[in-house]
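Visitor: Residues per chain, in single letters:
Protein chains: 2
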Amino acid sequence: MPSSPGRTAQVMADIRRRAASRQLGPGDRLPSIRGLARSLGASPSTVAEAYDRLAAEGLIRARPGSGFFLAATALPLSLAAVAPQPEREIDPLWMSRQALDGGDAVLKPGCGWLPADWMPDAAIRRALRTLSRADLSILTDYGSPLGAPPLRKVLARQMSMAGLPVAADQLLLTGSGTHAIDLICRFMLRPGDTVLVDDPCYFNFRALLLAHQARVVGVPFTPEGPDPDAFAHAAARHEPRLYITNSAIHNPTGATLSARIAHRVLNAAAVADTVIVEDDIFADLEPEPSARLAVLDGLTRVIRIGSFSKTLSASVRCGFIAARPDWIAALTDLQVATQFGGPSPMAAAMVAEMLIDGSYRRHLDMLHRRLNRKRREAAASLAELGIQPWLTPRAGLFLWCRLPDNRNATVLAERAFRENVVLAPGDVFSAGRTARNFMRFNVAQMGDARLMPMLRRLLGEVPPYGPPQQPGRDAAGMTATGASS
Amino acid sequence: MPSSPGRTAQVMADIRRRAASRQLGPGDRLPSIRGLARSLGASPSTVAEAYDRLAAEGLIRARPGSGFFLAATALPLSLAAVAPQPEREIDPLWMSRQALDGGDAVLKPGCGWLPADWMPDAAIRRALRTLSRADLSILTDYGSPLGAPPLRKVLARQMSMAGLPVAADQLLLTGSGTHAIDLICRFMLRPGDTVLVDDPCYFNFRALLLAHQARVVGVPFTPEGPDPDAFAHAAARHEPRLYITNSAIHNPTGATLSARIAHRVLNAAAVADTVIVEDDIFADLEPEPSARLAVLDGLTRVIRIGSFSKTLSASVRCGFIAARPDWIAALTDLQVATQFGGPSPMAAAMVAEMLIDGSYRRHLDMLHRRLNRKRREAAASLAELGIQPWLTPRAGLFLWCRLPDNRNATVLAERAFRENVVLAPGDVFSAGRTARNFMRFNVAQMGDARLMPMLRRLLGEVPPYGPPQQPGRDAAGMTATGASS
Numbered sequence: 001m002p003s004s005p006g007r008t009a010q011v012m013a014d015i016r017r018r019a020a021s022r023q024l025g026p027g028d029r030l031p032s033i034r035g036l037a038r039s040l041g042a043s044p045s046t047v048a049e050a051y052d053r054l055a056a057e058g059l060i061r062a063r064p065g066s067g068f069f070l071a072a073t074a075l076p077l078s079l080a081a082v083a084p085q086p087e088r089e090i091d092p093l094w095m096s097r098q099a100l101d102g103g104d105a106v107l108k109p110g111c112g113w114l115p116a117d118w119m120p121d122a123a124i125r126r127a128l129r130t131l132s133r134a135d136l137s138i139l140t141d142y143g144s145p146l147g148a149p150p151l152r153k154v155l156a157r158q159m160s161m162a163g164l165p166v167a168a169d170q171l172l173l174t175g176s177g178t179h180a181i182d183l184i185c186r187f188m189l190r191p192g193d194t195v196l197v198d199d200p201c202y203f204n205f206r207a208l209l210l211a212h213q214a215r216v217v218g219v220p221f222t223p224e225g226p227d228p229d230a231f232a233h234a235a236a237r238h239e240p241r242l243y244i245t246n247s248a249i250h251n252p253t254g255a256t257l258s259a260r261i262a263h264r265v266l267n268a269a270a271v272a273d274t275v276i277v278e279d280d281i282f283a284d285l286e287p288e289p290s291a292r293l294a295v296l297d298g299l300t301r302v303i304r305i306g307s308f309s310k311t312l313s314a315s316v317r318c319g320f321i322a323a324r325p326d327w328i329a330a331l332t333d334l335q336v337a338t339q340f341g342g343p344s345p346m347a348a349a350m351v352a353e354m355l356i357d358g359s360y361r362r363h364l365d366m367l368h369r370r371l372n373r374k375r376r377e378a379a380a381s382l383a384e385l386g387i388q389p390w391l392t393p394r395a396g397l398f399l400w401c402r403l404p405d406n407r408n409a410t411v412l413a414e415r416a417f418r419e420n421v422v423l424a425p426g427d428v429f430s431a432g433r434t435a436r437n438f439m440r441f442n443v444a445q446m447g448d449a450r451l452m453p454m455l456r457r458l459l460g461e462v463p464p465y466g467p468p469q470q471p472g473r474d475a476a477g478m479t480a481t482g483a484s485s
Numbered sequence: 001m002p003s004s005p006g007r008t009a010q011v012m013a014d015i016r017r018r019a020a021s022r023q024l025g026p027g028d029r030l031p032s033i034r035g036l037a038r039s040l041g042a043s044p045s046t047v048a049e050a051y052d053r054l055a056a057e058g059l060i061r062a063r064p065g066s067g068f069f070l071a072a073t074a075l076p077l078s079l080a081a082v083a084p085q086p087e088r089e090i091d092p093l094w095m096s097r098q099a100l101d102g103g104d105a106v107l108k109p110g111c112g113w114l115p116a117d118w119m120p121d122a123a124i125r126r127a128l129r130t131l132s133r134a135d136l137s138i139l140t141d142y143g144s145p146l147g148a149p150p151l152r153k154v155l156a157r158q159m160s161m162a163g164l165p166v167a168a169d170q171l172l173l174t175g176s177g178t179h180a181i182d183l184i185c186r187f188m189l190r191p192g193d194t195v196l197v198d199d200p201c202y203f204n205f206r207a208l209l210l211a212h213q214a215r216v217v218g219v220p221f222t223p224e225g226p227d228p229d230a231f232a233h234a235a236a237r238h239e240p241r242l243y244i245t246n247s248a249i250h251n252p253t254g255a256t257l258s259a260r261i262a263h264r265v266l267n268a269a270a271v272a273d274t275v276i277v278e279d280d281i282f283a284d285l286e287p288e289p290s291a292r293l294a295v296l297d298g299l300t301r302v303i304r305i306g307s308f309s310k311t312l313s314a315s316v317r318c319g320f321i322a323a324r325p326d327w328i329a330a331l332t333d334l335q336v337a338t339q340f341g342g343p344s345p346m347a348a349a350m351v352a353e354m355l356i357d358g359s360y361r362r363h364l365d366m367l368h369r370r371l372n373r374k375r376r377e378a379a380a381s382l383a384e385l386g387i388q389p390w391l392t393p394r395a396g397l398f399l400w401c402r403l404p405d406n407r408n409a410t411v412l413a414e415r416a417f418r419e420n421v422v423l424a425p426g427d428v429f430s431a432g433r434t435a436r437n438f439m440r441f442n443v444a445q446m447g448d449a450r451l452m453p454m455l456r457r458l459l460g461e462v463p464p465y466g467p468p469q470q471p472g473r474d475a476a477g478m479t480a481t482g483a484s485s
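If you're matching them up, the sequences are chains A and B in order.
UniProt numbering numbers the first residue of the first sequence as 1 and each following residue consecutively.
UniProt numbering numbers the first residue of the second sequence as 1 and each following residue consecutively.
Fair warning: there could be bad hints in the mix.
No distinction is drawn between identical chains; accordingly, a pair holds when it is met within one copy or between any pair of copies.
Straight-line C-alpha distance at most 25 Å; calculated DMTMM-like pairs for lysine to aspartate or glutamate [unchecked claim]:
| hint | residue 1 | residue 2 |
| --- | --- | --- |
| 1 | Lys374 | Asp229 |
| 2 | Lys153 | Glu377 |
| 3 | Lys153 | Glu49 |
| 4 | Lys374 | Glu239 |
| 5 | Lys374 | Glu288 |
| 6 | Lys153 | Asp357 |
| 7 | Lys153 | Glu288 |
| 8 | Lys374 | Asp14 |
| 9 | Lys153 | Asp104 |
| 10 | Lys153 | Asp52 |
| 11 | Lys153 | Glu414 |
| 12 | Lys374 | Asp357 |
The set of hints was computed from the structure by calculation and includes no laboratory data.
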C-alpha cells in the first residue's frame, strides 16, 4: 500500500487522540511503525510519514535506534482531554469555566453561588478596615501551618456545639473547600483507586477525581441520601478508598440525609474500610442542623470539610478540614510541601472577625429568609413551564428539576449559552450520565426578566432525549446500578 | 519455632515501617504468613500473632480467604514517613514546619523570609483601606479562572520590559509560588519521573517532589549556576521530565546564573527534551536583572514562576505562572478542578494596587539598600567565628556558609533548636546530603544580640562531620556526580 495523504492524516489524528486522552504520556514510546500499520490496516510508509510529520510538529521525537516517543513538550496531563477540542463539550470543567469566566452580561442560573449583592457588604468592608489596623505580622507573615488560631478556635467551638467535639489538633485551615478535598485526595488516593460519589453529585468532584486519576463510581441518590442498598453493594464490590458526599443541602438536589441512611452508610463503609469525606460547604444555610456522618462517626473514618465561599465571600479563599489528629498532621505536611502555608492569615482574620462579631450569624438569618422566598418564587415560575423539582429542599440555593417532555437538558444548555445564559444540565452532575432531562437551577440567580421567556422558547425548540423514561427507573431518572467509571 | 513476644514485636515493627515508608499502601495485600516468616527467619506462629495484633490495632485487616491487607484508615501517603517518628529528623519538612511554627520567642536566622517590620507596613494598610471601598464583586466573587486582569496586565508589562514578552493567555495567577510549582508538577509529572534540581537547592523542592513521588537527582552547583557538564551528563543519562531552579539569587547560595551557563543548560535541556521551571520568587530583590532562562528561551520549554511572599507579604498569598498558552490553558483547568478558582481576587487587587501606585518599587529600593548593609554586617560577624560565605551574593537574603573545622551543621542546628533558634543546616538543601558542614544564614534575621554568642559556644561543642573534606571535592563540598534519588 502506498502512502496516501488522507491515510497519513488519519494516523496523525489517531496519535494525537491517544496523546490527548492520556493513553500516551510524555516520554512514552509510540507503537512501532510496523505494529501500528498492522493494527490500523495502513501501510508502513503511511505510518512512517505520519510519524515524521508529527516529529516535525514537535509532538513526538525520534531516538535513533529506539523508536519514536511522545515529546515532553507535548500537552501532558490535561483535563481538557476528556472533551473534544476545539469545540469543547459541556463537561464538568466547561461548567466551572463558563460560570467563572462569564462577565456581568452573562446570566448564571446554572452557577453554584449567590450574587455579590446577597453577600454581607457592610460586614466585609468593616472587616477590611479592622484588618487594616491589625498586627503587622498578620498582614505580612505566613502564619501557622495549621492556620490562624482564632478562626480554628471559633470553628472548633461551633462544631462542638453541633455535637462534633473537635480538638485543636483536629482542625486544619485550607485555601478553599475544593482545596480541602484535593489535599485529602492527595493523601488518600493513588492512581486507579476507586471513589464513590452520589449520582448526581457536585460536578467538580468528577473533575477533581480525574486530576487524581481515580476511578469514579456513582451511587443512585434518593431524597434521603444515597440508596443504602446500592451503596452497600458498591462498597462491597469496589472496596472504594473514599466516598465523597454532601449530607446537608446536597448539591445538586438540595436533599437532606436521613439519620437512618447515615447509619447504614457508615456501617457499609466500615465493612469495606472506606473513608468518607463529608463536604459541608452549604451546611450554614440549614436553619436546623440535620444528620451528619461526622457526628455519628466522631471523626474516625469520616472527614468533615467546609468553607465560607458560599455564605460569606468566595474572594476570601478560606476552607477547613476536621479529621483525626494523625491525618491532620499528614495533611498539614502536604499543605506545607505543596503551598508553603495554609490560607492567607489575613483571610482567616477577616472570617474570624465576622464570625465573632455576630455579623455572620445575622447574615445567615437573612439568607435563610431570602432563599426560602426565592425558592418558592422560582418553583412557581418553573412550574408554569412544566419544569418540576425532584423534591422541595428544606434550604439552600438549588432546585433539581426535571424538564417537561423529556427535553434534552444538554442541548438546552448549549442553546442558552449562545444567548449568554449559563445553565447547569443534569449530565454534568451524573457519573453515569443518567440525568439528561434534569437541570439544576440556582434560585438566587433567576431574577432577570429575560430568563423565563428564553427558557420557554428554548424548551419548544430542543429535542427530547432518546426514548421516554422507563417506568422502572427511579424518580431521579437514574439507572438501577448508577455505576460508571 | 514457637512464637516469642520479642520476635512478635519485631515483626509488628517491620510491618509498621513498611506502611510508614509507603512500601505498603492502604489496601495493599501483606506478605503471606509463611512467606514473611521465611524471609524474616521467624516462625509462622510469630507472624500470625503479629498480624492478629496489628489487626486488633486497626492497622491491618483480615479478609477471609484472601489474606491480610493494610487498612485504608492506616496512615497513607505521609511525607512524615521520610523521617523516623516520634523524634523527627531534621529534614526539609521539619525545616518548614519549625520556621513557620515558632512563635515570637524563637529566633529564625534559618528561615527564608524577611521580618515583618521589613515589609511595607503603611502601603499594605493603605491597600486594605482602598480595598474596603472596592467593587463588591471583588470582595465576594470567585473572579476569573486566570486571575484578576489588572494584576496580570501589570505583570505582563513588567516581564515585557525585562525582555520576556508575555501575552494575556500566557499568565496565570496562583495561590503562591510553591502552589505554582505544584500545579506544574501535577501537570507534567507522573510517579517515578525524574526531576533535576541543583545541589544545593531550596529545601521545599524536595518535599514537593516527594509528594509527587518523583525521583530527585541533584546537579552540583557552581557560583555561576549548575555545573554545565554535570547538567548535560545528568540530562542525557536520566532524561528528566523537569529541571527546577532559581536563576537570580539562587536559594540557598545567593549565586547568579551566568549567560554562558544559561545557554548551555538550555541546549542540554533541549537535547533531553526536559522542561525547565525557573522559580524567580527572589528576582525583585535584584538591583539589575541578570540572565534568565525564560528570556533566552522565550517560554518555549521554560516556565517562569514568581510570587510576592518574599518581597511584599506572605499573608497575601499570590503567585503566578508564565508559560506557553496551551500549558496555561491546561494549568488553569487543573487549578479550577483542584481549588475552584485562583488566588483571592482581594489579594490580587491589593498586590496590583501596590505595584501600580509605586509603593512596591520604593519598597524594593529600600530593601536593596538595607539587605546590602545587613549582608556586609552578617558576613563580618560570621567571619569572626570562622564561618565563611561560599560566595558574596550580589543581592538577596542569604549567605551560604561553610562552618569552620568541618563542624556538623545538622548537629549544630539540633542544639540551637533546643535553645529556640531555628537554623538551616546544609543537608536539608542537598539531595545528595553533601553539605553537612554548610549553613544558610538569613542576613535580615540576625539582629538579635543573643545569636552570635550562642553560635560561638555551640561551634565549640559540636563534633566535626566525618573525615575532612577531600581535596578533589569542589568548593561547595559536593560530590562529583551529585546524583541521588
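Visitor: Determine for every hint whether it applies to the structure shown.
Guide: Verification of the supplied hints:
1. For a Cα distance limit of 25 Å, the shortest separation of Lys374 from Asp229 qualifies neither inside one copy, at 35 Å, nor across copies, at 69 Å.
2. Within a single copy, Lys153 and Glu377 get their C-alpha atoms no closer than 39 Å, and across copies no closer than 42 Å, so neither meets the 25 Å cut-off.
3. For the homomeric pair Lys153 and Glu49, neither the shortest alpha-carbon distance inside one copy (66 Å) nor that between copies (43 Å) is at most 25 Å.
4. With identical chains, the CA atoms of Lys374 and Glu239 are never at most 25 Å apart, being 41 Å at best within one copy and 59 Å at best between copies.
5. In this homomeric assembly, Lys374 and Glu288 come within 25 Å of each other (Cα to Cα) only inside a single copy, at 19 Å, whereas the closest approach across copies is 58 Å.
6. In the homo-oligomer, the alpha carbons of Lys153 and Asp357 lie at most 25 Å apart inside one protomer (14 Å), although the nearest pairing across protomers, at 37 Å, exceeds that limit.
7. Taking the shortest alpha-carbon separations for Lys153 and Glu288, only the intra-copy value of 22 Å comes in at or below 25 Å, while the best inter-copy value is 46 Å.
8. In this homomeric assembly, Lys374 and Asp14 never come within 25 Å of each other (Cα to Cα): the closest approach is 50 Å inside a single copy and 60 Å across copies.
9. In this assembly of identical chains, Lys153 and Asp104 lie within 25 Å of each other by CA distance solely across copies; the values are 20 Å between and 38 Å within a copy.
10. Neither within a single protomer nor between protomers do Lys153 and Asp52 lie at most 25 Å apart by alpha-carbon distance, with minima of 62 Å and 40 Å respectively.
11. In this homomeric assembly, Lys153 and Glu414 never come within 25 Å of each other (Cα to Cα): the closest approach is 46 Å inside a single copy and 32 Å across copies.
12. Taking CA atoms no more than 25 Å apart as the test, Lys374 paired with Asp357 passes in neither setting, with 28 Å inside one copy and 43 Å between copies.
Hint check: violations occur at hints 1, 2, 3, 4, 8, 10, 11, 12; the rest are consistent with the structure.
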